[in-house]
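Generate coordinates for the entire structure from the input sequences, incorporating the hints supplied.
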Amino acid sequence: MQAKTLKELAAHVGGQIIGNPDVLIHSASTLARAGAGQISFLANEKYEKQLGITAASAVIVKTQADIALDQIIAEDPYYAFMQIVVLLHGHRKHKAVGISPKASVADSAKLGADCDVHDFATICDNAKLGSGCRIYPGAYVGADVVMGDNCVLYANAVIYDGCKLGNGVIVNANSVVGEDGFGFATHDGKHHKIPQVGVVVIEDDVEIGVCCGIERGTLGDTVIGSGTKIGDSVTVGHGSKIGSNCLLVAQIGVAGSTTIGNNCIIGGQAGIVGHVTIGNNVTIAAKSGVINSVPDGMTLVGAPAIDAAKGRRAYSMIEYLPDMKQSIRRLEKQLAELKAANGQQAGSDGK
Amino acid sequence: MQAKTLKELAAHVGGQIIGNPDVLIHSASTLARAGAGQISFLANEKYEKQLGITAASAVIVKTQADIALDQIIAEDPYYAFMQIVVLLHGHRKHKAVGISPKASVADSAKLGADCDVHDFATICDNAKLGSGCRIYPGAYVGADVVMGDNCVLYANAVIYDGCKLGNGVIVNANSVVGEDGFGFATHDGKHHKIPQVGVVVIEDDVEIGVCCGIERGTLGDTVIGSGTKIGDSVTVGHGSKIGSNCLLVAQIGVAGSTTIGNNCIIGGQAGIVGHVTIGNNVTIAAKSGVINSVPDGMTLVGAPAIDAAKGRRAYSMIEYLPDMKQSIRRLEKQLAELKAANGQQAGSDGK
Amino acid sequence: MQAKTLKELAAHVGGQIIGNPDVLIHSASTLARAGAGQISFLANEKYEKQLGITAASAVIVKTQADIALDQIIAEDPYYAFMQIVVLLHGHRKHKAVGISPKASVADSAKLGADCDVHDFATICDNAKLGSGCRIYPGAYVGADVVMGDNCVLYANAVIYDGCKLGNGVIVNANSVVGEDGFGFATHDGKHHKIPQVGVVVIEDDVEIGVCCGIERGTLGDTVIGSGTKIGDSVTVGHGSKIGSNCLLVAQIGVAGSTTIGNNCIIGGQAGIVGHVTIGNNVTIAAKSGVINSVPDGMTLVGAPAIDAAKGRRAYSMIEYLPDMKQSIRRLEKQLAELKAANGQQAGSDGK
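Protein chains in written order, with this note's numbering: chain A, 1 to 351; chain B, 352 to 702; chain C, 703 to 1053.
In short, the hints are calculated from the structure, not lab data.
Since we're looking at a predicted model, the values are computed, not measured.
Careful, some of the hints might be misleading.
To spell it out: a stretch of chain B is covered by chain A in this simulated footprint if at least three of its residues, at any positions, have a beta carbon under 8 Å from a beta carbon of chain A; those stretches are [stated by the list, open to error]: (1) 495-508; (2) 599-608; (3) 683-694.
Glycine residues also receive a C-beta, built at the ideal position from the N, C-alpha and C atoms.
Okay, structure coming up:
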């Protein structure tokens, strides 16, 4: 971490300086935690009050704030902040270990230039790795796997045989790509395993969190589109296709043979049934249960998942079910009384 | 993959040929993807339209379809398809590696004939493996574990000490069998770990997906019945018993001391509380939350889970809660008006 | 397991003996399974009937039971039982293996006295372990990790670089501590990875189940407070802080930047959104979806989560939505009839 002037940082993100361009910034932090020599940002209005009390030396904002702090004005403050964090802190450095003699690399495997294969990692027969791949201890690359350049498999990540990873794919620790799909033909009460002939194809720049499982397809392939980011403990069923630049937060389940479009955002613990089609730019709230196909651009909440426009209110009203029930009972009683009174009245009228 | 004639395939599955018995089939695929030389199937009416447009050379159907394609008529087309996929494609072949010198096998461990123990696999003291077991890299077999014949532990699967696996058990990558149950005695605000004295017993022909955790019992054992298939990221709590030939899809949680019968089907992300009894042939829909015991044969949906016969409709009606609330308000208003009018009327009557 | 007299056991837990102090007890079991020579306990009234039929030689109870069995009276029978299980059965014994020559320990790593580092375990540069740590096969301790005394990392557990574990921390098999938080800045439709500069701090006496993921913080640290116990497949998001002596059962998701107080109990499959504050002594039922901050002492159920006092009833009423809808329709019809009748009547009155 080498300190930079605010001027250098502003130039790096194409922002405009308000205040002292020569203030030195050594690192980045949140508004609440930042101190002298640190830069922070405001991207969410919710935290606007913190602008007034932060001890940061400078902040990145979208529009000039009425505060005494030095500022960088940037159109997308969070993006600018990301660029500055990369500049000041950098991404994780991978130790250059080369091909460890304590690793197990098949003679038939082909590795590109500048790969690291750590102790106790396994590269099986005919696997092909591009250049600059980092294979951490205990990671397993099955037979016939093909990986592009600059992939990272963290400790104990497992890629089953035949799967294909593009360039810049990151698979975090203890995740699995390409296990058999959950496919059984049930006959006379027994479940007979169907060979899962497809593989998993992971396109460029995908990151997968820890403890995920991406099943291989039964006959076709399971596909994760380029630029899609997947959090921890996500399961993707056999033959599903997830588009490009999606965000799947954590503990999501996508059942088999489902297609998800591009630029979708799926919240934690959401589940999507099999054999449906989710459009592009769809947002699915955390814990939703999607049981039907979804057109482009929708936002869904709840289980079963419905249009968020009415869904947020609808699900929040479950709380009032006892009150509603009581209202209905009261109405029934009052109506019965009214009918009885009317009957009496009608009777007396009829006299 | 050696091509077979339609006649050979029909004979293999005990089916009847409609069309040319000599057509050569080299592989299997879905109706939508199949091309020349491929066979597909129709098991779900939902896909019937695809029969008319598939480019497959032959299809397996339950009753003769009015199409120009060569057909195999089979009573259970999906089962027949499975048999044909096995015939044409086969199950995964495990490379015969024997006992790798780079594995760690305790002197006191006993291995049956024809076992493969890959590099970096660990077999601890007094473990006993039957014949034909495949222990992939990084897999761990704890002390005193007993495994039957033809078991497969994929990469980095972990079996804690003392657990018992029957014949033909498959544990996929990064799953764990036999970790301590979540058992603590809370006293004066501190949680004291209770030794988990039981083990896990996995009966014959069970398959467990990736990233699962099957806890050992506190005092008795946790049991997974024969022929049961478990998907990815499933957690089974301490002391629970799951019957035979169940299907547990993915991300399911079964809390401790619960008993599940035979032939149950449990959908993804469902949860079952502890200390309840689920009967035989019970179906639990995805995302259900089961909080009570369930008699044989029921189908449940929702959280809390209720009889699907009414539950599917009930949960789908959450969407209309705002409308219902509005209806109740309107009724209240109208009733008040009516009462007021009646009162007036009554008043004028009483004059 | 050496047998003890009831007198010895009573003395060990500070309990009072009813019956024969000399009866020999060799092990512990549940009321339903216990036999001669075994001790059991009654902590939950639900099982009181089993007291009459248990074959145990002795039981631990809170108040003297009117049964012929020998008894230990203890104020907290479950705690007493735990103490006795520890006495009779003990916790898991870890085989003393020392530093295996088949492990990979960096020259710059520092290990305290009496550590076990098993085959295929990896200890990276500058890692520091206290005394009495047990590092099972395939476990991975990243660079600059600091661990206290008596920690246990079971097989294939992974600690990313720089994380800090206190004393007596247990991480079960295939769990991960310190992977990058799910932090991306989305710009022009692409998700740019934000370096995750924080680490994970795990305080003393925390136990983490299998297949968990505890993300490192983006700028600050993720913290798990002392004495907190976490079950299987739990995900904790970046920068969240969990207090002391909490119980998080299985498959729970805590999103990023959320703070949870002390002594909270969170049920299986519950989810908590990011950026909220949960107080002390909060109980969150299984499968709940918490979307707001929660004051001290509350109990919540449901998704969305609401006060259990009304929530249990409210969620159980979803089942009756079709009936309620029908009641509303009936009311609307009856009211319309009544209005029509009144109108007629009014009309005839007006004649």
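Hint by hint, here is what the structure shows:
1. 495-508: holds (count 3)
2. 599-608: holds (count 3)
3. 683-694: holds (count 5)
In this structure, every one of the numbered hints holds.
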